[in-house]
Structure formats: structure tokens, C-alpha cells
Amino acid sequence: MNAVLKVSGLNRFFGGIQAVKDVTFEVAPGELKALIGPNGAGKSTCFNMLMGQLPPSSGKVFLNGEEITGKPPRDIWRRGVGRTFQITGTYQSMTVAENVQMALMSHHRRIFAIRPYAYKLYREEAMALLEIVGMADQADRACAILAYGDLKRLELAIALANEPTLLLMDEPTAGMAPKERIRLMQLTADIVRERGVSVLFTEHDMDVVFAHAHHIMVLNRGELIAEGTATEVRNNKKVQEVYLGGGMLFNKEDTHA
Amino acid sequence: MSLKTLIAASAALLAATCSSFAADSIKIGEINHYKRLAAFAEPYKKGIELAQKEINDAGGVLDRPLEFIFRDDNGKPGDAVKIAEELMTREGAVMLTGSILSNVGLAIASLAGEKGYIYLAAEPLADALVWESGNPYTFRLRTSTYVQAALLAEEAAKTDAIRYATIAPNYAYGTAAVAAFKENLKKLKPEVEFVSEQWPALFKIDAGSEVQAIEAAKPDAIYNVTFGPDLQKFVREGSLRGLFDDRKVYGLLTGEPEYLDPLGDEAPEGWFVTGYPWYGFTEGPAKDFVDAYMAAYPDETPKIGSLVGYMTVKSIAAALKKAGSTETPALLAAFEDLKVDTPMGEIVYRGIDNQSTMGAYVGTTALKDGKGVMVDWSYKDPVPYMPSDEEIKAKRPAE
Amino acid sequence: MGLFVAQILTGLANAAALFLVASGLSLIFGVTRIVNFAHGSLYMLGAYFGITLMNTLPGAFGFWSAILLSGLIIGLIGVIIEICVLRPVYRAPELFQLVATFGVILVIQDLALMIWGAEDRLGPRAPGLKSVVRIMGEPVPQYDLALIAITPFILLGLWWLITKTRIGILVRAATQDREMVGALGVNQSWLFTGVFFLGSALAGLGGAIQLPKGGADLLMDLNIISSVFVVVVIGGMGSIPGAFVASVLISVLNVFGVAYLPQSTLVLMYVVMAVVLLLRPYGLFGREEKAGEHGQAGEPDRPIRPAGLYGRIAVAALLAVLALIPVFSGSFTQVLLTDIIIFCLFAASLQFMLSTGGLVSFGHAAYFGGGAYAAALLVSYSDTPMEIAFMFAPLAAGLLAILFGWFCIRLSGVYFAMLTLAFSQLIWSAAFQWYEVTGGDDGLVNIWPAKWLSGTNAYYYFTLIVGVGGIILLRHLTHAPIGYALRGTRDSARQAEATGINVKLIQWTAFSIAGALAGLAGGLFVFSKGSIFPNELEIAKSFDALIVVFLGGVKTLSGGVVGAGFMEVAKDWLTRLEYWRLILGLVIIGVVIIAPDGIVGTLRKVSERIGLRRTEEFMK
Ligand SMILES: Nc1ncnc2c1ncn2[C@@H]1O[C@H](COP(=O)(O)OP(=O)(O)O)[C@@H](O)[C@H]1O
Ligand SMILES: [Mg+2]
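Chains as they are written, first to last, in our numbering: chain G, 1 to 257; chain V, 258 to 656; chain W, 657 to 1276.
It should be emphasised that the hints constitute simulated quantities derived from the structure, not laboratory data. Quick reminder that beta carbons are idealized off the backbone N, C-alpha and C, glycines included. Fair warning: there could be bad hints in the mix.
[Stated by the list, open to error] With a Cα cut of at most 25 angstroms, we get these calculated DSS-like pairs of lysine-lysine:
1) W:1227 <-> V:302
2) V:303 <-> V:628
3) V:625 <-> V:544
4) V:505 <-> W:1227
5) V:372 <-> V:625
6) W:786 <-> V:461
7) W:1107 <-> V:284
8) V:415 <-> V:461
9) V:578 <-> V:372
10) W:1107 <-> G:71
11) V:579 <-> V:284
12) V:628 <-> W:786
13) G:6 <-> G:21
14) V:625 <-> V:578
15) G:21 <-> G:238
16) V:415 <-> V:637
17) V:650 <-> V:444
18) W:786 <-> V:372
19) V:625 <-> W:786
[Unchecked claim] Computed spacing ranges between beta-carbons, pair by pair:
20) W:735 <-> G:180: 44 to 54 angstroms
21) W:735 <-> V:553: 39 to 49 angstroms
22) G:193 <-> W:844: 44 to 54 angstroms
23) V:417 <-> W:793: 56 to 66 angstroms
24) V:554 <-> W:735: 11 to 21 angstroms
25) V:349 <-> W:966: 33 to 43 angstroms
26) W:1106 <-> V:585: 16 to 26 angstroms
27) W:1090 <-> V:541: 42 to 52 angstroms
28) G:87 <-> W:1066: 19 to 29 angstroms
29) G:87 <-> W:962: 50 to 60 angstroms
[Said to hold, decoys possible] Stretch by stretch, here's where chain G covers chain W in the computed footprint (C-beta under 8 angstroms, at least three residues):
30) 955-964
31) 1126-1139
The shape of chain G in the complex, shown without the other chains (with noise of 0.2 angstroms):
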């Protein structure tokens, strides 16, 4: 089976800080792959030359068997990857539908049409999308008036707008209650269920991760120290040394194991 995604050697220095280090992996097709680690370990890094947004200082990315290095995100997207970001970054002066609307333009290249008006675009297309996150109520309110919550599964359709064989999910549930994640992970399962996209996501709440990941992977301070399903990364000595400070995860896995 060809691996949707396959990162080698993937390094990155600032200035005489390395924050990612020889990391390498595969996404296969239809898995929901969890990149896990402490703060600063390096999730977003990855994630930001996966999706072009850093050059890596070396190393290389292929999506479906094609080299993606270095090449601007927007080309990336083209080649069918979504994206959403820790920190959200939609459009504050667009509806919540426009938002969508916006990527559906993109996707459809209609970006220099000049008719019709842009609100009427594709505006079916983006209601489903939003139905699928739950949004579909909210379609006609200003982004900027959104609860942060409501921001991330907006986020999260944008990301579908483009029929992407490949989602990155840089902590797609921070900000949210806990019911909420559980809720937005549920639905990504779904996804990835009903239509085949691979997921690579990264995430703080073990809860969520353990529940719905395939794989997992464990990044500490740029280097991956683990890899595999949640037993064996629970199992894992080096894992339980990064967390023994948090403990989260072990006492995470008392309450539920």
C-alpha cells in the first residue's frame, strides 16, 4: 500500500536551536494518525513545512509519491491537502458560509471571475459543509462574533472544501470544552471513515487521542521517540519519562484503563 504522506529526514533549525530533528514517518490511506508531545516539541513545525508554510533546513516530503518540498502551501493545497491551524486564522470580516465560499472559489479557480457576486458562489456546496460540522446554523453570522469553538469546526470545513485526500489538524480541539472535543474527534472519525481521507493530527487531551487515533507518534524536543498503536506508546519507557513531569497520561490511562 502507497503511503498518502512520507516524511524523511525532516530537520529544521532556528538559528542555532534545532526544533525538529531526522523525523521520519508515513500516513497511510485512511488512517488518523496523532503526532503527540509536550509544548514546543515541535508539532507545529512539522506541520508548517509538511504544508509549506517553513522551508525545511532539510529533509524531504512526498504526498502520494510526489516530492512536495519546498513548495508554497497554496500549491499544496492544489495537490489535495486541508489544513487547519492552532491558532485559527479565518476570514474576521466574512460570514461563516462566505468563509467556505471562499475556498469552494479557490478550489473551483473562480478566484479572478468577476461575476457573480461572491456571496452567491458556490453557496449550496459550502451549506453542506457545514452541516457536516454543525455550522449550517450559524452560516450567516460575521466570523468575527464566532465562539472560539465554533471558529475550529469552521476551520474544519474549510479544510474540506477542497475534497482533500490529506487532512493536518494542528490541535484542532484547543480552546473547546470537553464534551465539544469529543464531539469535533468523533466527527473527524467520521470522516475519515466515510471518505477516505487520512488524518494527521496533533492534540494535547489523551482522552481524544487515545480514544480515536489508529497511530500514534510521540515528538520530543524535535526527535520522534515513539511510534504505534496506543498500547504500545503507553508501554513505552522513553514516552512515560517525557510525561512522568505531566503525568496526564498515566494518570490519564488509570481512570480509563
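On the provided structure of chain G, position chains V and W with the ligands as indicated by the hints.
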């Protein structure tokens, strides 16, 4: 006299005065940069108001009072054109005058030519107003830059200076003033050389470096066109660094009180300049004007702008009188070879290029009582210095 | 060799006043993010106060005290301006304050005229420093040497203040991160006032200290401001050492420019500025700006919708009235309306890139004037029929915008603005200096419309159709996908890039469209006036448009048009009065304080609050 007749009489009188002032005044549109160039515009306006008062006190023109409508264009040609339209179409002005800046003058002149409004450009220095961009509706009062430069060139040719440096503000007037000086001087003395040409940006002179650059070229004589704040800085740095020692300097307009007065006791000595030596008049119309001006404005001394403003009104009054009407065709015909009595003597608006024969005073600068003055001055009639009629005809667009 | 040394010394001496003024502006910008146009006015006031004080206080002691006192007085005037004019509008959209400072310029100009009169004043000379010293045979004025000696002390003093004192640490913190100051528990408004005092005092000192080399006149405020901007930009906004290095660089360069390229002194500065910005986008000592630091601040723009039925009826009614104007009104009304429509189109074109795209241009006049010149040149040199020359105006302006835009879009925020300014100054100096072709300052005249358009009526209808057409086109583009994409790039460039939108391409397109439509306005302008002069390319012209967009409401769609109409009518009325600049300045300041969201923005909010207008659906 019964109360009734008194009321009736006073009502009639009131009606008469009202109507005579409101309906009967002859309106002249005057557009200027009263704020942007207040230092030049204020004396000019005072000259206008003085003449206006004199004329109206003497019964006005064509038995009607003369009324100037003053409007500010902030020094913008586009705004001046708009105001000109308003003055002519809404305010009922019979003709236009005004502007100090050449570009505003040229803009109004262009409008005047297109719409058939009469425009008397009083102050603007650009000779293009009457030559390259001239049109039948535009007249110019002030002595042309070409003539003033020629007057200085004539004097310069008399000395044995060969190497000349020039300094002029970097815009159209400066360029034209240098070109005219060079042309006239070369004609009179072909062996002269121009060893340095300095072009400081208008009102942004870097005087120290200009002086160094001129000094480095070791000229025998210097031709100065800078004025206003630029002149102040140039004179100060030049005197300080000894640039003017043992060198003849020819200063265009430098002798005008607008520029000489602010220099105070630092005014340069021994420059040959064009200007306005009002303090030197002892008799005749020139002196009468100075006295009248100082009587009207006790805190002021006349500037060249005051004189130009005064002569503007006199010219317009003379044109109206000659035309016997305020209609444009009649006025236009009246301006043809119009003769006007002014403090400078009689001037004529030449039929050939609509330029007046207002002349210029030339003299040498000196210090007197801690102030710069012109001494050994004389009045020059411009006509001998103008380009020939053929040259002018070639310059003016075909009509 | 002697000459060379003397030239360097002249340059260093010239740098003194420039450095003082520029460091003040840089400080103010660094901390408050206010682009203070009125800084040149403070410099002018410093010069006038300096003269007055020097004439009262005797001797060398009096001379130097006069300089310090002028600094103090101007610092206090700066405080008054900050408290009365700027403080009420700190919460307004970023850069909005520059409108207020523009009002301040007008007020100060008239007040200075009232107080000191119109005549230029020659500065007193420094007692004891009135002659020259011979250095390697070349005369060097003593006062120049004094200035050269003083400047490093001022630099050191400022450096000490900024790096070693508590207030300085706060200033640096604020320059680097505005939120942090709030977090440090500092009273931000007093910090701002303090910085305004210091910055203004430096401008005042600059004005007073240059007196022995010049004087005071009423034009010096605007004459210095462009060089000061150049220095601040080259040095890096907010950097004091940068301001110093750049002042010296520009002054020394200027000295050699005067000596070896006397004709091109006008352009030199801007060429250097453009080159520096292209190589080091944040100036020599500047710091990269954090995204979103400029353009968009305060509350976000609201979503937009094309006008509904009522809106369209209202616009149609207005247009019908405008179309009937010639029937029931005199010809001057048409002349005035022609001017207003042209200015509205110009402002609308700027608003397209500024409001919709967040691209703040300080040099939009280049395209207005550029279009006008293009048409005028065709008419003057090839007798091109007016119709063709007219169409060439937007074309040429668009091409110019494509060219300059390619460079400008590489930068962002205030540095983008400054590069647009540099380019527009290049065009201006070309028009000004290339006498043989453009007629220089004497411009191009007799550029009148074709016969069928030459009457006031005909040209009015022509302007109405073309101008309103242009405005409607811009408005349509705002609602079209391209306009949405542009707003997207403004709201979140990262998101736009991550969803397949080429941000730079969109910005470049918007820049070009705005340029072309400014050129269209320029084409209308040149044939309505019959002439064109370099002043239509000046910085002042660019700022006219900028100011009306902010005045009308930068976060609205119709702000530019409404602001332009308001300004033209206000000017038409007020210039009839004696002290019109004072009144206009006060009117502008008044509008800014009463309507911090601009005229349209504030009317919208007020009418929603008092229930005249329903709150828009999307804001619920
Ligand atoms: N633009 C940047 N410049 C310098 N250092 C950075 C930059 N982005 C991230 N870093 C550093 O790289 C490390 C990894 O950061 P990040 O990828 O955001 O971690 P995570 O997302 O895992 O919390 C951190 O030490 C962070 O400070
Ligand atoms: Mg992260």
C-alpha cells in the same frame, strides 16, 4: 419737510445706494495664494486695495465702483481653474487677474484661452505666459524674466569676468532665468564660460554644499537666481565662507524688498541686482505711490508686490475706461496697445505679445542703517532688451 | 583632499537638525505607531519660538537657553496636541490618527501666520561662533563644528535615556510589543504623552538649532517633512541609531550630490530610499513587523453585501438628480461637481486597495498624475485625438502600477507605504525635472477635450458617466470573487495561502486595478482643467486621497466617496474665508474626534444605536 417725504426720500436714497453698490459694481476676479505664499501675496493685495480705494473714491470706473473678489487657491492650479470658473460664471466677474506662481498662472491662462475669459497675469514670472503658451486672452504685467536677466547680462558683459557660476532654484523659473542670462551674455561676450551650474531644490537649499561646489569651480563671477529662504541661507553661508569676496555677483530680483529686507544687516554688498529701490525716490509718480502706500499702511514699507498689485488695478481700470464697457470683446480690444499711467511712468500692453512694457530698476546693493538697499540705481525700459518681433512671433502659437 | 574633508563636515553639520527632527518622529512612531505628519509643523514652531527667544535673551547664554527653551515649549505643545487631538482617537483604526495630525498642520500654519506674520525671518547667528575656521585650507563655519560636536551628545543622551532609564525600558518595550506594556501595568496613555513630549521637543530643538544656518519661514514645515520621512524609513522606523546613521548618510550624500550631480538633488534621496527598502525592507536598523501590526487593527470590518433594493433606489435617485443638475443649476455647479466626482473616483480607487486590501499607499498620486500626464503628453506631442489620449490615461497608469506594484507588494505595512511613497516621488521628480518633455514646473497646458465634449454641460455628463461608472466598477469588484479574495488576503494571508490563493498575485492585481482607476480619474482631471502640473503628483495629493478615505470611514465601502465629497464641499466653502486653514483644520480634528469610525462608519453605528437602522443580520 414732512415725515412722509423724509421717509420716502431716505428709502429712495437707501435703494439707490444699495443698488448702486450691489448691482453696479464692476467685479474683477482675483485668484491668489494668499496663504501658501503669504509673504508675497499680502503686499500685493494691499497694493490692489490701495488702488481700488483711490479709484472708487474718485467715482469708480464708467461711473461704477470697482470691486475685487479675492479668492484663495492654496497654490494649486486645479483649484485656481475651478475658482476662475466660479468667478466668471457665478460671481459675475468681468475678467480675471492674480496668481504669483507661474504654474497657476499658466493654468488660468489655458482656461482663459479655451473659454474666452480675459486674464491679466500680474505677478507670474514664466515668460511662457506670453510666448510659448500665449493666447489672445492672456496679458502679462510684470517685467519678463528674459528682460531682467538681459539687464544683468548687459552689466556683466562690461567686466572682464570670464568664468561664471550660476545658482538657481531647480524649477521652470530658475531654468528659464539661467538660460536667458547665458543667451544674452554669450551674445555680448562670446568668450564667457559657465564653469558651474547649481540647481538647489526650491526652498530646500543645502547652502553650505552649494557654496563649496561653487567655490571649487573658482568662478570670476556668480549669477544668482535664488530668492526667499534659499537666498537667506545662500548669502549667509557664502559670506561666511568668503565666496563673495573679490567676486562680482549678479542677482535676479535680489534687490526686491521682499528678499532684501529679511536679510537685515547681512544683506550682501556690491551685488548688481534688479529690484525696487522705493526709498530712493524723491519725486514724481513713483514717489507719490510710495507716499500713498505708507499713508495707507503706516506700519509697512512698499514691496515690489505692492507696486505690481497697484499697477494691476490701474491697468484694469484703464482698459475698462478705454473699452467703455465691461463686455469681453470690447475689453479685449481695449487691451490691444493699451496705455496705462503708473508709478513707473506710462506702460503699454504690446499688441504683439500682450506683454506690458513695465520696466525694472537695476542697481548695486549696499548697507545703509543696518539694512540692505540698492544704490546707483536706474530705471530700465524693457523694450530694447526684448527679443525681436520675429522671434516673438515664432515663439507664440499661431492664432 | 581639503575640499573633500570640508564637504564631509558640511554633511555632518547638516545632519544635526535632520537627526533631531527624525529621531523625534521615529520615537513617536515606534511607541505610538502614529505617523505624525505634523512633526514638520513642530519643527517650524521650534524655529519661530527660537527666533523670538533669541531676540529677547541676550548673549551666548541667551542663545543656547533659547534653543533649550524652544525644545521645552514645543514639547509642551506636543503634549497639548497629544492630549486634545490624538488621545480621543487611539482606539480608532490604525493610521486614522494621521488625519488628525493633518488637521493640526493646517491649524499651526494659520496660527504661525497670525503670530509671526508673513515675512521670512532670518535666524540670529550664534554669539561667539560667527566666523570660520580654516581646515586644510578650506573655510568651515564654527557653528558647523559646534553642531558636529553636539549631535553625538544628543545621540548618546537619547541612547542613555532609552537603554538605561526606566522610562526608556518602557519605551523600548512598547516599541517592540505594545501589549506587553499593558501587561507591565504601565499607564499606557501617560507613556504615550511622555513620548510625545520627547519627540516634539526634539523637533523643536531641531528647528531652533538650525537657525544660525537659516531662519524661519511658513513653508518650512512641509519642506522638511519628506526628508524626515526618508531618514526615518532608511534608518528603520523606531530606531534612534538608525535615524542618526540615516541622517548622516542622507546629508553627506546630498553634499556630494550637489557637487557632482547638481541637477538630480531632488531624486537622489528617493532613489536611495527605494534601494534601501528593496535590499533591507525594514530599513538599516529596523525590525521586522509582526503580521497584522498595521492596516488592520481595532474591531474587524463587517461582512459586506451589495446594496439592497432601497439602497439601489437611493443611488438611482441621486444619480437622477445629478443627471438633471444642468437643467436647473448654473454652470459652476457642474464645474464643482465635476471636480468632486473626479476626486471621489480617485479616493475610491485608493480605498479599493487600502480598505479592501489593507494595502496602505502613501503614493497613490503617482497613478492619478501619471495617467493625467500620459494623456497630456500624447496630446502635446503627437496631437492624438482626445478620445484616444483619454483612454491611454488609465492604461498608462495601470502599467505603471503593474511595474511599481511588483516591487511594493514584496513589503508590508508601513514599509510598503514608504516604498509607494518613494516611487511616487520618483515619478514626481521625473515630471518636475525632465523639463524638455514634461515642461517641468510649467507643466503641460492646453489639453482640452474634443469639440463634442468641450462645453461645461457635455464634459459634466462625460465625467458623471465615466466617474460614476468607475466607482460602480470598483464597488462591483469589491463584491466579486476578486474583491473577496483581496479581503481574504488582508484578514489572514496565511489562511489564503493555505487555501490555494496566491496572496501576492491578488495584491498585485488590486494594486494595478487601483492604479488604473486612479489614472482614469487623472484622465478626467486633465481634460477638465486643460492643464497638468507636477503638483498633481506630489505627496500632498496622495495624502489628500488617504485622508478622505479615513475621514469617510476606512472600514466601510463608501467611505472614500463620502469623505471626498465632504472634503471638496468643505474646502469650496471655507477657502472663501480669511483663516480658512485654521477652520478647516479644526473641522477635520472635530470630525476625527466626533466620528472615530469615519463619517460613514460612525453614522452607521449611531443610527444602529438609536434604532434608526437595524443591526445587520451577521452581527447578531
Ligand atoms: N519562527 C520561529 N522562530 C524561532 N523559533 C521557533 C519558531 N517557531 C517555533 N520555534 C521554536 O521551535 C520549537 C518548537 O515549536 P512548535 O513547533 O511551535 O512546538 P509545538 O507545536 O510542539 O508546541 C519551540 O522551541 C519554539 O520556540
Ligand atoms: Mg503547536
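Okay, the hints, checked on the actual structure:
1. W:1227 <-> V:302: Distance of about 22 angstroms is within 25 angstroms: holds.
2. V:303 <-> V:628: Holds, at about 23 angstroms.
3. V:625 <-> V:544: Holds: residue 625 of chain V and residue 544 of chain V sit about 20 angstroms apart, inside 25 angstroms.
4. V:505 <-> W:1227: violated (48 angstroms)
5. V:372 <-> V:625: Roughly 50 angstroms separates the two Cα atoms, so the pair is violated.
6. W:786 <-> V:461: holds (23 angstroms)
7. W:1107 <-> V:284: The given pair, whose Cα atoms are some 30 angstroms apart, is violated under the 25 angstroms limit.
8. V:415 <-> V:461: Not satisfied, since the Cα-Cα distance of roughly 33 angstroms exceeds 25 angstroms.
9. V:578 <-> V:372: Status holds; Cα separation ~24 angstroms.
10. W:1107 <-> G:71: violated (57 angstroms)
11. V:579 <-> V:284: holds (17 angstroms)
12. V:628 <-> W:786: holds (19 angstroms)
13. G:6 <-> G:21: holds (16 angstroms)
14. V:625 <-> V:578: Answer violated: residue 625 of chain V to residue 578 of chain V is near 43 angstroms, above 25 angstroms.
15. G:21 <-> G:238: holds (16 angstroms)
16. V:415 <-> V:637: holds (17 angstroms)
17. V:650 <-> V:444: Distance of about 21 angstroms is within 25 angstroms: holds.
18. W:786 <-> V:372: violated (57 angstroms)
19. V:625 <-> W:786: With Cα atoms ~21 angstroms apart, residue 625 of chain V and residue 786 of chain W stay inside 25 angstroms; holds.
20. W:735 <-> G:180: 44 to 54 angstroms: Hint holds: Cβ distance 51 angstroms, inside 44 to 54 angstroms.
21. W:735 <-> V:553: 39 to 49 angstroms: holds (43 angstroms)
22. G:193 <-> W:844: 44 to 54 angstroms: holds (52 angstroms)
23. V:417 <-> W:793: 56 to 66 angstroms: violated (27 angstroms)
24. V:554 <-> W:735: 11 to 21 angstroms: violated (39 angstroms)
25. V:349 <-> W:966: 33 to 43 angstroms: The hinted range 33 to 43 angstroms holds for residue 349 of chain V and residue 966 of chain W, with Cβ atoms some 42 angstroms apart.
26. W:1106 <-> V:585: 16 to 26 angstroms: holds (24 angstroms)
27. W:1090 <-> V:541: 42 to 52 angstroms: holds (47 angstroms)
28. G:87 <-> W:1066: 19 to 29 angstroms: At 25 angstroms between Cβs, range holds.
29. G:87 <-> W:962: 50 to 60 angstroms: violated (32 angstroms)
30. 955-964: Contact hint for the stretch 955-964 of chain W vs chain G: holds, 8 residues under 8 angstroms.
31. 1126-1139: holds (count 7)
When the structure is compared with the earlier hints, violations turn up for hints 4, 5, 7, 8, 10, 14, 18, 23, 24 and 29 and for no others.
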